[in-house]
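**Q** In case you want the letters, here they are:
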Amino acid sequence: MSTLADLAPLVDAATDYRAAVARLEGAAGDAEAAWKLLPAALDSPGVQIAVGRYVGPAHQLATALLQAADDLHGVLLSASASVRSLGLQAETHPEDPTTGARVTSAESDCAAAIAAIRGGEAGSVDLPCPEPAPASGSGRFLRPASFVAPIAPTAGLPGLGGALVDGLGAAETLGAASLLGVLGLVLSLGGSTDASAGRHAAKRQPRPSADAVEGEDYVVTPYQPCSPFKHGDGCEERHLSVEKPGDEPFTGDRVRGDEEPGDMPGTESDWVKTRARNGHGWVYRAPDGRTVRVMDPAKNDYDRRYPNGYVVFEKPGQGVMDLDNLPNGDPNLTHIVRNPNGSFPIPEGWNQ
Amino acid sequence: MDAPTVAGLVARLRSAAAAASDAEAAAMMAFEELLRRAGPYAEVHAALAQYWAARTGSGAAICGHIGQVADALREAADELENDDRRVAEALT
Chain R
0 MSTLADLAPL VDAATDYRAA VARLEGAAGD AEAAWKLLPA ALDSPGVQIA VGRYVGPAHQ
60 LATALLQAAD DLHGVLLSAS ASVRSLGLQA ETHPEDPTTG ARVTSAESDC AAAIAAIRGG
120 EAGSVDLPCP EPAPASGSGR FLRPASFVAP IAPTAGLPGL GGALVDGLGA AETLGAASLL
180 GVLGLVLSLG GSTDASAGRH AAKRQPRPSA DAVEGEDYVV TPYQPCSPFK HGDGCEERHL
240 SVEKPGDEPF TGDRVRGDEE PGDMPGTESD WVKTRARNGH GWVYRAPDGR TVRVMDPAKN
300 DYDRRYPNGY VVFEKPGQGV MDLDNLPNGD PNLTHIVRNP NGSFPIPEGW NQ
Chain U
0 MDAPTVAGLV ARLRSAAAAA SDAEAAAMMA FEELLRRAGP YAEVHAALAQ YWAARTGSGA
60 AICGHIGQVA DALREAADEL ENDDRRVAEA LT
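Residue numbers (numbering that gives the first Met the number 0), protein chains in the order written: chain R, 0 to 351; chain U, 0 to 91.
Everything labelled a hint here was simulated from the structure, so no lab data went into it. The beta-carbon is built from N, C-alpha and C at its ideal position, and this holds for glycine as well. Treat the hints with care, as some may be off.
Claimed, not checked - Which residues of chain R face chain U? A partial, calculated answer using Cβ under 8 Å:
no.: 1; residue: ASP15
no.: 2; residue: ASP95
no.: 3; residue: ALA110
Bound conformation, chain U alone (with noise of 0.2 Å):
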């Protein structure tokens, strides 16, 4: 097997963020129908609302983070290849 490189591992966190992104819309609007069916029952439609306020409420719980951190490991496989570059124009 090939030895992982950055820009390997930086294309599959990309898209591991991608279906998480996926994931993330699936899931609202799964919960957008589960709330939809629960509105003929007062009770338990408010503790929904209230389990999905708290995971949402701030936008802490689906902000995007995976998309970050692949953004974060290609900014280290620039920084990687610019010191590999600043070598190779040291060398030349």
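Isolated chain R (complex conformation) (with noise of 0.2 Å):
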């Protein structure tokens, strides 16, 4: 077995690539930034979706992933320099019978400190990752034509060679077919099934048959009237087959919508009142994070989903709430629709 003999050349690997996850990070932080540019007014259910599944997770994943390379940066540095520092010991004291243990306990205590580094690993963000199918072509995964996947040592840890292997296998699998599905996924924008995700991927194409859609439970956002130009002459109100939030009969009082905090129902005084930010509605936010967005009823190019309006509950660190009070993914039932009168229901124990 050999012993460390010069981790300079290590150093400098993990330089490169530590600057590529870098360059990672960016791009997920510019698709973030660029998000945050889009106004208030294009804010609709299917760009919730795709902020919270994808851009959010995506960058938080992207910084978990840089810290993880900037620790394992270090590690490799701080063992260089402690096997360069053991080397001109060796060269000052050659008679030292303990020099060659140090070194052989250097990389252990190396390799112990690459094993204990955290952040980035599968599963640790939660992002919808399709399941790597057999596809055939080539994906945007495809490793380069020079990569070997190391067959290298991996002495101490029976199997994980081939875990890598297979890892890197998963990856490359990711061809077009199941990019294909992904995007199926995130075409079920606004409150289809996962189930009906697939399907999904056809309404890219421009004007499905009214064949295509009979017969199906073809739902592009339960609340959304459907358009015989976009969805074909099946959609018809029978597809509408899910209750919305805020359908209810309503008792309430009329609220206008730009009401004091405490007056605002959701609310209480000590909450603080800003406009939202384009300037269609109001965001209430309380001492302890919560938010509730009032938004005004549909103008003009505004969402015409909501021609009352909608209201959004926040809690910090769980997401928009439905009126369970549940943190909810679905954003048909996080957008709370008003009534005529500007009311809205309440998620049961919201000011509890």
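Take each chain as given, in its own frame, and dock them per the hints.
**A** Take a look at the structure:
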């Protein structure tokens, strides 16, 4: 077994790796920054899904990967310095019998420090990654032709090399077919089910035929009127199968939408009220970070899916809540539509 | 400064997705080189292999989400464009 002679080449490679991951983090950060420029007037359920499911978690993952790459670089840099110091000591005291053992110990310490690094592991970020599926053709993660999966020593960790090869293979199998599946998932904007997501990939085609829609539970968003232009003649009222929040009879008092904290339902007097980014509503923020976003009725290019406006309840660290006061990733259940008099239901237990 | 449009933001997201894709490929190649150079050092190599497997083992660490985001926003843009078209048709 070789002992550590000079880790400088490893440090150089780790530097390159860290730089690449930093570019990945930068790209993910750009994506998130781009979304933040989106006018609130364009803040639709689909955009909410895009951000909540993908933009935010992707940036979070990239940041964690960069932290891990930083740590890895630091460990190798430190180990390299230790080894260099040991080498100098060996030159000064060639008769020292402990030098060899100390070098071996340095290698073990370095390996242990690398193994302890955390950040960006699979599953640490809640991204809806598709299951790798066998696919032919080239994928965007097809590794370079020169890539050779490492088969070098994996002593002390049986099967590790195999796991690595499997992992790389999994990435490679993310070819065109699986990406299409992923696209289907994304295209299930606004209330479709995962089961129907694959079918929704076809929604991007210009005007699907009636046959393509007939007989299917083709729900684009339960509260959005279907358009024959987009969804085909088969899109009728019967497809709007889900009762929307706030559809129940209402008896509440009229709500203008610009009430002061405490007067606005769902808020307390010590909350802070600020204008929504697009000026089409108000955001009420509690001292504990909870927010209630009350959006005005639709105007001109504003979201016509909510003619009376809508309300979003959000808790820090949990996200947006449905009427059961539970975090919910379905914007159709978290964009609470306002009644014609501006009132709206409040999640059960919201004020407790 | 012009107000941001969905189309402009989609373009920016697509650019970010392309940059992310390039960065992912570069990261894979760099780590390949790191593993190659660590080959002579069994323990360090094993630890590096474990490090890499943890971040790629299921494909979750690198699986193109940013590109999906751009598609999602494009879909949102399509939605808005279709809304506008429906309104225009209703008025004519």
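**Q** Compare the structure with each hint and give your call.
**A** Results of checking the hints against the structure:
The interface hint given for ASP15 (chain R) is met, as the beta carbon of that residue sits about 4 Å from the closest beta carbon of chain U, less than 8 Å. At about 22 Å, the closest approach between the beta carbon of ASP95 (chain R) and any beta carbon in chain U exceeds 8 Å, and the interface hint on this residue is violated. Taking 8 Å as the C-beta cut-off, the interface hint given for ALA110 (chain R) holds, the closest approach to chain U being about 4 Å.
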